[in-house]
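Colleague: For the protein sequence lines, the chains are C and Y, in the order given.
FYI, in numbering that gives the first Met the number 0 the residues of the first sequence are 0 to 243.
FYI, in numbering that gives the first Met the number 0 the residues of the second sequence are 0 to 234.
What the hints contain is simulated information worked out from the structure, not anything from laboratory work.
Each residue gets a CB set at the ideal place from its N, CA and C atoms; glycine is no exception.
Just so you know, not all the hints are guaranteed correct.
Straight-line alpha carbon distances no greater than 25 Å define the calculated DSS-like cross-link-like pairs of lysine-lysine that follow [what the hints assert, rightly or not]:
id : chain 1 : residue 1 : chain 2 : residue 2
1  : C       : Lys37     : C       : Lys26
2  : C       : Lys235    : C       : Lys222
3  : Y       : Lys53     : C       : Lys222
4  : Y       : Lys130    : C       : Lys133
5  : C       : Lys201    : C       : Lys226
6  : C       : Lys133    : Y       : Lys142
7  : Y       : Lys130    : C       : Lys143
8  : C       : Lys133    : C       : Lys143
9  : Y       : Lys53     : C       : Lys133
10 : C       : Lys132    : Y       : Lys225
11 : C       : Lys132    : Y       : Lys229
12 : C       : Lys26     : C       : Lys214
13 : C       : Lys143    : Y       : Lys53
14 : Y       : Lys142    : C       : Lys26
15 : C       : Lys26     : Y       : Lys130
16 : Y       : Lys130    : C       : Lys112
17 : Y       : Lys229    : C       : Lys133
18 : C       : Lys143    : Y       : Lys225
19 : C       : Lys112    : Y       : Lys225
20 : C       : Lys132    : Y       : Lys142
21 : C       : Lys119    : Y       : Lys142
Not everything, but these chain C residues come out facing chain Y in the computed CB check (under 10 Å) [as the list claims (entries may be wrong)]:
id : residue
22 : Gln57
23 : Gln66
24 : Leu70
25 : Gln79
26 : Arg96
27 : Phe105
28 : Asn108
29 : Arg110
30 : Tyr130
31 : Lys133
32 : Arg150
33 : Leu160
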Amino acid sequence: MSKKVFEYAQNLTPIQLTNLSVVVGQKIILDKINCKIKSNSITAILGPNGAGKSIFLQTINGLVSVQSGRLTFNLMENNQEIREQQAMVFQTPVLLRRTVMANMQFVSNLRNKESNRLLKNILNKVGLEGYEKKPARLLSGGEKQRLSMARALMVNPNLLLLDEPTANLDPYSLNLIEDLVLEENSIGKTVIFTTHDMSQAKRLATDVIFLNKGKVLEQTISKTFFKSPKTVEAEKYINGEILI
Amino acid sequence: MNILFEAFKQSIELVSTFNTDLYEILLLSLKVSCLSLFFSSLIGLPLGTFLAIKNFWGKDITLIFFNTMMGLPPVVVGLIVYLLISRSGPFGWLGILYTPTAMIIAQMILIIPIIVSLTAQTIEEIHQEYKLLFYSLVVPPHKAVIAYLFEARYLILTVMLAGFGRAISEVGAVIIVGGNIDHLTRVMTTTIALETSKGNLSLALALGIILLSIALFTNFILIRLKIRAKQRMYV
Ligand SMILES: Nc1ncnc2c1ncn2[C@@H]1O[C@H](COP(=O)(O)OP(=O)(O)O)[C@@H](O)[C@H]1O
Ligand SMILES: [Mg+2]
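Please build the complete structure, drawing on both the sequences and the hints.
Modeller: In structure tokens form, the structure reads like this:
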């Protein structure tokens with residue numbers, strides 16, 4: 000099993016976006032963007048509201064179609080096998096109208112049919128021990144997001160896509176999710192996440208992609224980005240000035 | 000007032016003494032309507048789900064068609080089914096006129112549109128909520144459909160109850176294709192119509208009370224289920 004994971008991990012990265020455009024409705028959401036996500040990196044997608052961060056993640060996950068340009072995973076086009084190696088945590092948790100455990104089992108039954116014991120281990124990991132029988136949609140915001148995280152970890156993904164995973168969360172949930180991100184990364188997984196929390200980006204990210212109005216304005220390693228942003232927009236954004 | 004009271008007293012007697020005629024009629028009613036609900040669900044649930052999640056040319060027209068069919072007058076359905084299955088009709092050779100089978104078919108035509116339309120509306124919302132998640136998780140289409148129906152389970156029950164309600168309470172269609180034949184195709188509604196016109200109010204009233212009780216009972220159960228489910232946010 001672990002050997003297989005390693006093989007796949009090599010298969011998925013680097014992720015390369017070349018002149019990639021995405022159109023939703025009539026609107027160009029991602030405009031001829033070029034960027035690269037390195038193996039085993041934690042990349043923060045930063046940018047103001049409406050910049051296209053969620054669509055960026057969804058494009059990589061194959062949820063929106065590419066209008067033009069290329070998206071490759073280690074030189075391969077996106078396909079079902081590659082998509083099965085990815086897991087997405089959405090900005091607002093989408094949970095089934097079932098118990099916490101049944102939410103886990105639903106995903107487990109899609110793939111490896113893991114034992115309930117393993118599912119419980121994962122629930123413990125996200126601080127949801129004892130919550131197995133609780134209806135998932137009655138959880139608090141932080142608990143819902145942690146369950147989404149547990150569900151994502153269940154598929155044992157090599158690429159973890161997290162869309163504002165800690166927005167509006169309590170400090171406990173925030174720390175827990177940040178620790179999980181670092182832990183998953185330390186065992187070889189690539190992570191791409193979006194956030195509006197600059198200190199979180201500094202804590203977690205190895206790389207930063209700065210998006211504004213559907214364009215990549217900067218891509219660099221995290222340290223450089225925060226120390227000496229190249230564009231006025233990025234500088235303003237980091238300093239908390241509103242971008243129009 | 001006195002007549003009404005007498006009729007009421009006699010009807011309670013009929014119910015409480017397990018009058019065989021009465022229970023024969025009740026059982027046939029339940030059998031016909033349950034079977035038509037069963038077969039209608041078998042067709043209507045997948046069809047409604049399909050209409051909710053697939054985009055194809057003519058989808059709007061199809062939905063409008065089923066929506067319009069929801070308000071179809073039962074007597075018209077009865078008449079059409081009658082024309083189709085009467086001796087000289089295209090399906091006359093089946094020989095099902097004035098049988099429970101004919102009544103089931105007529106009721107199915109009445110309730111399939113209800114089940115299709117309401118299922119389509121319900122599943123459409125569930126689909127909007129879960130489609131990105133399911134696509135992200137690479138859920139195979141058949142599993143997604145089963146999951147949608149399961150996520151909508153309490154609403155689907157409501158849909159089915161609406162269908163059952165229309166089936167068991169309608170009279171116009173089953174009286175035409177069933178013929179209201181004693182011991183064969185007499186159901187509660189047709190008996191009520193006939194006995195009332197004959198002036199035999201007690202049997203009519205007894206059946207009316209039972210019909211009402213069935214409606215009350217099934218709705219009561221459903222509401223209890225839904226309250227419990229709402230507390231768990233399963234609705
Ligand atoms: N389904 C959609 N239909 C039309 N426009 C959309 C849709 N989803 C997102 N958009 C638009 O795309 C832009 C980028 O959205 P999004 O990626 O959600 O931004 P971010 O996550 O950076 O805040 C926004 O202008 C938004 O209005
Ligand atoms: Mg977003």
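Colleague: Each hint: holds or not?
Modeller: Tested hints:
1. C:Lys37 - C:Lys26: Given that 25 Å is the threshold and the Cα spacing comes to 29 Å, the pair is violated.
2. C:Lys235 - C:Lys222: 17 Å, holds
3. Y:Lys53 - C:Lys222: 47 Å, violated
4. Y:Lys130 - C:Lys133: Holds, because 24 Å separates the two Cα atoms, which is no more than 25 Å.
5. C:Lys201 - C:Lys226: The hint holds at about 11 Å.
6. C:Lys133 - Y:Lys142: 24 Å, holds
7. Y:Lys130 - C:Lys143: Distance ~18 Å between Y:Lys130 and C:Lys143 Cα, so the pair holds.
8. C:Lys133 - C:Lys143: 11 Å, holds
9. Y:Lys53 - C:Lys133: Measuring from Cα to Cα gives roughly 33 Å; hence the hint is violated.
10. C:Lys132 - Y:Lys225: 19 Å, holds
11. C:Lys132 - Y:Lys229: 16 Å, holds
12. C:Lys26 - C:Lys214: The hint holds at about 13 Å.
13. C:Lys143 - Y:Lys53: This hinted pair is violated, its Cα atoms lying about 30 Å apart.
14. Y:Lys142 - C:Lys26: 33 Å, violated
15. C:Lys26 - Y:Lys130: 22 Å, holds
16. Y:Lys130 - C:Lys112: With a Cα-Cα distance of about 22 Å, the restraint between Y:Lys130 and C:Lys112 holds, given a limit of 25 Å.
17. Y:Lys229 - C:Lys133: 14 Å, holds
18. C:Lys143 - Y:Lys225: 23 Å, holds
19. C:Lys112 - Y:Lys225: Violated: C:Lys112 and Y:Lys225 sit about 31 Å apart, past 25 Å.
20. C:Lys132 - Y:Lys142: The hint holds at about 23 Å.
21. C:Lys119 - Y:Lys142: Satisfied, since the Cα-Cα distance of roughly 24 Å is no more than 25 Å.
22. Gln57: 7 Å, holds
23. Gln66: 18 Å, violated
24. Leu70: 16 Å, violated
25. Gln79: 6 Å, holds
26. Arg96: It holds, given that the least Cβ distance between C:Arg96 and chain Y is near 4 Å, below 10 Å.
27. Phe105: Because about 7 Å separates C:Phe105 from the closest Cβ in chain Y, which is inside the 10 Å limit, the hint holds.
28. Asn108: 8 Å, holds
29. Arg110: With a minimum Cβ separation of about 9 Å from chain Y (threshold 10 Å), the hint on C:Arg110 holds.
30. Tyr130: The hint is violated - C:Tyr130 has no Cβ within 10 Å of chain Y, the shortest such distance being about 13 Å.
31. Lys133: Result: holds, 9 Å to nearest chain Y Cβ.
32. Arg150: Nearest chain Y Cβ about 8 Å off; hint holds.
33. Leu160: Result: holds, 9 Å to nearest chain Y Cβ.
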